[in-house]
Structure formats: C-alpha cells, structure tokens
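Based on the sequences and whatever the hints tell you, model everything.
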Amino acid sequence: MDSTPVLSATGVGKRYGAGDTAVVALHDVAFELHTGEFVAVMGPSGSGKSTLMHLIAGLDVPTSGRILLDGRDITGLGDAALTELRRDRIGFVFQAFNLVPTLDVIGNVLLPFELRGVKPDAEQRAFIDRLLADLGLADRLRHRPGALSGGQQQRVAIARALAGRPRVVVADEPTGNLDSRTGRDVLGLLADAARRYGQAIVMVTHDPVAASFADRIVLLADGRVAAEYGRSDPAEIATFMLSLEDAR
Amino acid sequence: MTGRGRGAGLLVAALSTGFGVALLQLAGVLGAVTRQETGNGGAAAAMLQVLAFVFVGLSVYCGAIVTTNTVATVVAGRTRMIALRRLLGGTARAERAAIAREQLGIGALGALLGLVGGSALAIVGYRIAVGTGTLPESGYSFTDPTVLLPVVAVPLAGWAAAWAGSRRVLTVRPVQAVHDVGEPTDDEAGGRLRTVLATVAVVGGTLLLVLGILIGFLTPAGVIVAFLGGVVSFTGIVLAAHRVLPPALALVGRLAGRTPSARIAAANALRYPVRSTRATVGLVIGVTLITTFAVAITSFGAALHHLLPGGSGLDVLLNGITTVFSLLTALSAVVAAVGLVSTLSLSVLQRTRELGLLRALGFGRRAMRAMVVVEGAQLVVTATLLGLVLGVVYGWAGAQSLLGSMQKGLVAPALPWPIVGAIVLGAVVLTLVASLAPAARAARVAPVAALAIE
Ligand SMILES: Nc1ncnc2c1ncn2[C@@H]1O[C@H](COP(=O)(O)OP(=O)(O)OP(=O)(O)O)[C@@H](O)[C@H]1O
Ligand SMILES: [Mg+2]
Numbered sequence: 001m002d003s004t005p006v007l008s009a010t011g012v013g014k015r016y017g018a019g020d021t022a023v024v025a026l027h028d029v030a031f032e033l034h035t036g037e038f039v040a041v042m043g044p045s046g047s048g049k050s051t052l053m054h055l056i057a058g059l060d061v062p063t064s065g066r067i068l069l070d071g072r073d074i075t076g077l078g079d080a081a082l083t084e085l086r087r088d089r090i091g092f093v094f095q096a097f098n099l100v101p102t103l104d105v106i107g108n109v110l111l112p113f114e115l116r117g118v119k120p121d122a123e124q125r126a127f128i129d130r131l132l133a134d135l136g137l138a139d140r141l142r143h144r145p146g147a148l149s150g151g152q153q154q155r156v157a158i159a160r161a162l163a164g165r166p167r168v169v170v171a172d173e174p175t176g177n178l179d180s181r182t183g184r185d186v187l188g189l190l191a192d193a194a195r196r197y198g199q200a201i202v203m204v205t206h207d208p209v210a211a212s213f214a215d216r217i218v219l220l221a222d223g224r225v226a227a228e229y230g231r232s233d234p235a236e237i238a239t240f241m242l243s244l245e246d247a248r
Numbered sequence: 001m002t003g004r005g006r007g008a009g010l011l012v013a014a015l016s017t018g019f020g021v022a023l024l025q026l027a028g029v030l031g032a033v034t035r036q037e038t039g040n041g042g043a044a045a046a047m048l049q050v051l052a053f054v055f056v057g058l059s060v061y062c063g064a065i066v067t068t069n070t071v072a073t074v075v076a077g078r079t080r081m082i083a084l085r086r087l088l089g090g091t092a093r094a095e096r097a098a099i100a101r102e103q104l105g106i107g108a109l110g111a112l113l114g115l116v117g118g119s120a121l122a123i124v125g126y127r128i129a130v131g132t133g134t135l136p137e138s139g140y141s142f143t144d145p146t147v148l149l150p151v152v153a154v155p156l157a158g159w160a161a162a163w164a165g166s167r168r169v170l171t172v173r174p175v176q177a178v179h180d181v182g183e184p185t186d187d188e189a190g191g192r193l194r195t196v197l198a199t200v201a202v203v204g205g206t207l208l209l210v211l212g213i214l215i216g217f218l219t220p221a222g223v224i225v226a227f228l229g230g231v232v233s234f235t236g237i238v239l240a241a242h243r244v245l246p247p248a249l250a251l252v253g254r255l256a257g258r259t260p261s262a263r264i265a266a267a268n269a270l271r272y273p274v275r276s277t278r279a280t281v282g283l284v285i286g287v288t289l290i291t292t293f294a295v296a297i298t299s300f301g302a303a304l305h306h307l308l309p310g311g312s313g314l315d316v317l318l319n320g321i322t323t324v325f326s327l328l329t330a331l332s333a334v335v336a337a338v339g340l341v342s343t344l345s346l347s348v349l350q351r352t353r354e355l356g357l358l359r360a361l362g363f364g365r366r367a368m369r370a371m372v373v374v375e376g377a378q379l380v381v382t383a384t385l386l387g388l389v390l391g392v393v394y395g396w397a398g399a400q401s402l403l404g405s406m407q408k409g410l411v412a413p414a415l416p417w418p419i420v421g422a423i424v425l426g427a428v429v430l431t432l433v434a435s436l437a438p439a440a441r442a443a444r445v446a447p448v449a450a451l452a453i454e
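The listed protein sequences derive, respectively, from chains W and P.
Note that this note's numbering gives residue 56 to position 56 of the first sequence, counting from 1, and the numbers run on in steps of one.
Note that this note's numbering gives residue 405 to position 405 of the second sequence, counting from 1, and the numbers run on in steps of one.
The hints are simulated quantities; they were obtained by calculation from the structure and are not laboratory data.
In this text, a Cβ means the ideal position worked out from N, Cα and C, and glycines have one as well.
There may be inaccurate statements among the hints.
[As the list claims (entries may be wrong)] Partial list, computed: chain W residues near chain P (C-beta under 7 Å): (1) Arg86; (2) Arg87; (3) Thr102; (4) Leu115.
[As the list claims (entries may be wrong)] Some chain P residues flagged as far from chain W (calculated, every beta-carbon gap over 12 Å): (5) Ala46; (6) Gly133; (7) Val274.
In structure tokens:
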C-alpha cells in the first residue's frame, strides 16, 4: 500500500525489569498498519505479540524506537495523554473480561462516547444500531454481561471497539476463549468492519483459521519480526508456523 | 481477633461501661443532693434515676451492636484463615465459641477500666461542682452497688454480640482456604426466619414506642416502655438492613450524577449488597444513636429547665452525658471508618482487572479516584440520612414519653443543629478519609492489568 499508514512502529524494543532479571520482549520491531487493513500477528508463546499490542495501543511505553499514530509520535507521551489517546483513537478487544460487569450491553457499547463526553450523533447512532443488529445483539441491549454467553460477550466487546470508529482496533486473541464456530463469526465481523468501514485492525491469534481472515500475517519469534505474508489459507499458515518452529 | 478488632472491642466495652457508671454515679449524687435540699426525693430525683437507667441501657445496647458489627467485619476479613483452620479439622462451632469467649474476656477487662474511669469522672465532676459552689456537699459515698449493673451487663452483652456477629463463621467452607470461591451473593440474608423476626421486631417495637408515648401522658415511666420499643424496633431495622439499605443506596446513587465514573460507582455499591450493608449499618447505628441522644437531651434540657428548680444540678448531668457521649460518638466514627475502609479496599482489590479495563478504555487517574470516592460517599450519605431520620424519631419519642405528663401535650422535637452540622461534617471527613487509600490504589492500577489472565 502506498498511502501513509495509520500506525507505524520503527525500531521498537521493550525490556521488562532491569539487571539480571531483565527480559527483552521485543527487539527492533517494525510494523505498519493502513486504513481498511486487517492484520494478524502470530508467533509462539512468549514471542512478544501481546507486548507489541500493548505498545501500539498506548497501554504501555516502549524502551526504544518510535510509534507513530496518524503521524504523531506517541512514545514520549505521559499517562494523561496516553489515556486520552486510548479513549479517542483506539478500540480494544481482549481475550476475556472485556466488559464492565455493572453496565448493560448498550452501556458498555456507548462507554467510549461517554468517556469522551459526547453523545453519538444521528449518523453514529445509526451505525451503532446496524452494528448491534449485525452482531445479533439488538434484543440484548438491556442485559448485563453476566447474563450473556462468552461468544455474546465477545461480540459486545467488538461492538464497543468498533462503535466509536477508532483509528485502530487492537484485538489480542479475541477468539481465544470461543468455540471454533463462534470464533469464526467474530472473525467474519472484524474482517467485514475492515472491508466495509475501512477500519484498521490488528489481531493476535494462534489459530491459522483465524489468521486466514486477515489481509496480511506478521510472524513474530523471540521478539523479532520473523516473516510477513499476504492473505493465505489456513493450511499455508500452518506451514509457515511449522517452518518457524523448525528454524528455532 | 486481629489487633484492630480487639482494640475496638476493648474501647467499646470500656466506654459503654464508663458511660453507664458515670451516669449512675451522677444520678446517685444528684438524688442525694435533692433529698438533702428538699427533704424528700420527689419526682425530680425519681426521674433522674429513670433517665440514668435508660441511658445505661442505651449505651449497653449501643456497645453490643457495635461489637456485633465489628466482629462480623473482622470475621469477613479473616475468611481465609478460618477456612484454613476448618480445613485442618477445626469445627465451625469451636471457632465461633472461641471468638465469643475472647470477646467476653475483652469485655470484662474493658468493664473494669470503665468502672474505674467512670467513677473517677463522676467524682472529679462532683468535686468541681462543689468547688465552684454549683452543688452542695453531700454524704454520697460513690459506692452504691447499682453502679455495678453496667459492669456486669456490658461483658455479657459483648459476649452475646460476638456470638451473633460471628454467625458468618458457619458459612465459611474449608475449600476457601485453597482458592477463592468469590463473595457469596446473599450469604447473610439468613433467609425467611430473619425477615420474619425483623418484621415482628419493627412492627412490635413501633407499637411499643407508640404505647410508651401514650403512657408518657400519664407518667414519666412511659419512657421505659418507649425505650424498649426503640430498642426492639431498631434491632429489627438492623436485622433487616440487608433489605432496607440496598434500595436506599440505589436511591442515593441516582443523586451522584450521570458521569461514567458516578454511574459505575453507584452500580458498584449495589453489587455486593451484603458487603455494602455491613459497611453502612455501623454508620447508621452510630448516626442514629448520636441523633437520638442529641435530640432527646436537647428536648429534655429545654423542657426540664422550666419545670425543675435547681437546674444547675441538671446542667451538670446533661454536660456529663454530653461529654462522655462525645467519646462514644468519636468511637462509632472510628469503627464506621474501619468498616468503610475495608469495604472500599476490598472492592478495589477484587476489581483490579475491571479497573484496568476502565483505564484501557480511557478513564484517567482522576476519574478512577472520583469513582472510589463516589462509591464511599454513596455509602456514607445513605447511612447518614437514614440515621438522622431514625434518630430524630427516636429522640423525640424518648423526650415525649418522659415529659408528656408534665407538659400536658406534645413536646416539640428539638433539633440540635450544631450536632446535626457536626454529623454532616463528620460524614464528609469520613468519606474522604475512608476512600483516600482505596482511591489512590485504584488510580495506580495499570491499564495492562485488564489483559492479565490468571
Ligand atoms: N510484565 C512483564 N514483566 C516481565 N516480563 C514480561 C512481562 N510481560 C511479558 N513479559 C515477557 O515478555 C515476553 C513476551 O511476552 P508476551 O506476553 O508479549 O508474549 P506473547 O507472544 O503474547 O505470548 P502468548 O502467546 O503466550 O500470549 C515473555 O518472555 C514474557 O515472559
Ligand atoms: Mg499474549
């Protein structure tokens, strides 16, 4: 793609702790994400996938390198600025525990708006209604998360992440707790959001089938980018993963 | 018990005994003085005696309720330790008996301290009154055996209170030692029996209260019936707290506003109704008792002043009551604060991941702090309002039943505005103090905590 990326990370490193017990989770990682792109990040356990997501999403700060969001360097930002950045520009889907248990479905979905102190306008409201209908949540708006199944909860989290049309949606193993059929539904929704609304999405997954929904696949190993592939089918992806393990 | 629980228990016992002893001693002195001055005891001395017994009863009751609540809070905080002992073979009954026995010992020690302290206070007060010429010399020896009444009653009440307060021990399961099974949702509701008991107590107590007021039109002894009615109905309210408080909390929660932090805080206070009830009920009790005392004393004082000659002796008594009473007030604030801090801390500790999620979604540190403060304020405001209303009703009922026969009609409830003001101020301070540490902790939760999977 030739447009300027929504997000670009260059030379990003992350070290946890100091001295003898220090762990270097990422070394010199470069990563880009464009509008309307759905990227899967894969790699063995401990390869630094979650760490990279945290840095991209402004949940944590890198120890070296630069991360630009819409051309603005976010690496030097303090807590207040990062909080604002997450609130205004990032959407999240985690593996589990995505929802505020004391708010109902619609309360959770609209929470990002409330935090920004704005009400969704008519167009945004229509978008959200369509989203909730697409996600099969339209008749669940007044339910608390505790009354929903895991798959439904995950769909609520996706609705919340997409509702505010953030610049980037970050999803760390969003299907990790779901059965394969529900997982596929969720992935279809994410892929759809990228295609239909031009949403930029980066997703961590261990599942080759999940990754086959993505436009691009980035493989991490030992805190480095080991390889990148375009859209691939599950069998191909499984082979990439195996070759990565053989190489180790 | 933990050091804090033990210290609180000792303080409660010492204060409520000391209060009772001092009152009985002062009533004895004033009785002797009145007899000496007027030749016979007369209505005034009898009334002082009745009044003293009522206040002694109130302070024993107050001490018992505070003890029940402290023990319940301490037991809740020690669930894991108790579970471990249960796992290793201890029976729930033995655990409970040990807690009650310990409280009996603490109560006995406190009662002795109270006997000495209360008598000393009364003697010093009397000497000062004699020195300044307020009261004449009398042959009163301060060795009237009736002052031993609170010394015996307080430890026994404490023992019973600890037994009642440790009911929760029975619900602790040995598995809780090895992994946290989460907060039981309605563990202490105690089912239908408790509700029935509570209803009977509230209805019966209210009827007694009304009866006491009616008898009060004939004789000051009506106050004894009214006192019983007050004790019974308030015990009913405390028993039913798990039904009364959550709706009240919900109502007050609406006042907190519509910002996300206020809404989440309001919902959160209702999330564990049992826990929130436990945290607030102590405060309700404290505020009710303070208001009851204050309204009753102000009303008595106002009415008695023009009914009785030799009002200076009365002033000494009323001032004595007010002084010792301020100590009780301070104590219930401390106990309430301890309960509130532990509730709010627990609420923050158990929600680390949820708080992380809020941070990830864009709650700033200030919003996190505000959320905890609002949650605390909701508990405090609810308890304070409820306590003020109950206290005014009880205090007025007390004054009315005591003075009705002399006033020949209704006594206006005298609202002691300085005390109401102090209560409101105290509530604000309590909210801030109790939510300080938990709020700071909530603000420190890192946004990545949301992603931690155990
Ligand atoms: N807070 C932390 N403190 C210290 N080390 C950490 C911390 N978080 C992650 N690490 C280490 O950083 C490395 C990368 O962790 P990360 O969570 O990014 O892996 P991952 O690729 O997401 O793994 P998984 O597939 O198991 O989720 C690991 O060695 C991990 O132990
Ligand atoms: Mg991970």
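Quick rundown of the hints versus the structure:
1. Arg86: 5 Å, holds
2. Arg87: Where the cut-off is 7 Å and the nearest Cβ of chain P is about 2 Å from W:Arg87, the hint holds.
3. Thr102: 3 Å, holds
4. Leu115: For W:Leu115, the interface hint holds, since the closest Cβ of chain P sits about 4 Å away, which is under 7 Å.
5. Ala46: 57 Å, holds
6. Gly133: Holds: least Cβ distance 65 Å, greater than 12 Å.
7. Val274: Holds: least Cβ distance 16 Å, greater than 12 Å.
Checked against the numbered hints given earlier, this structure breaks none of them.
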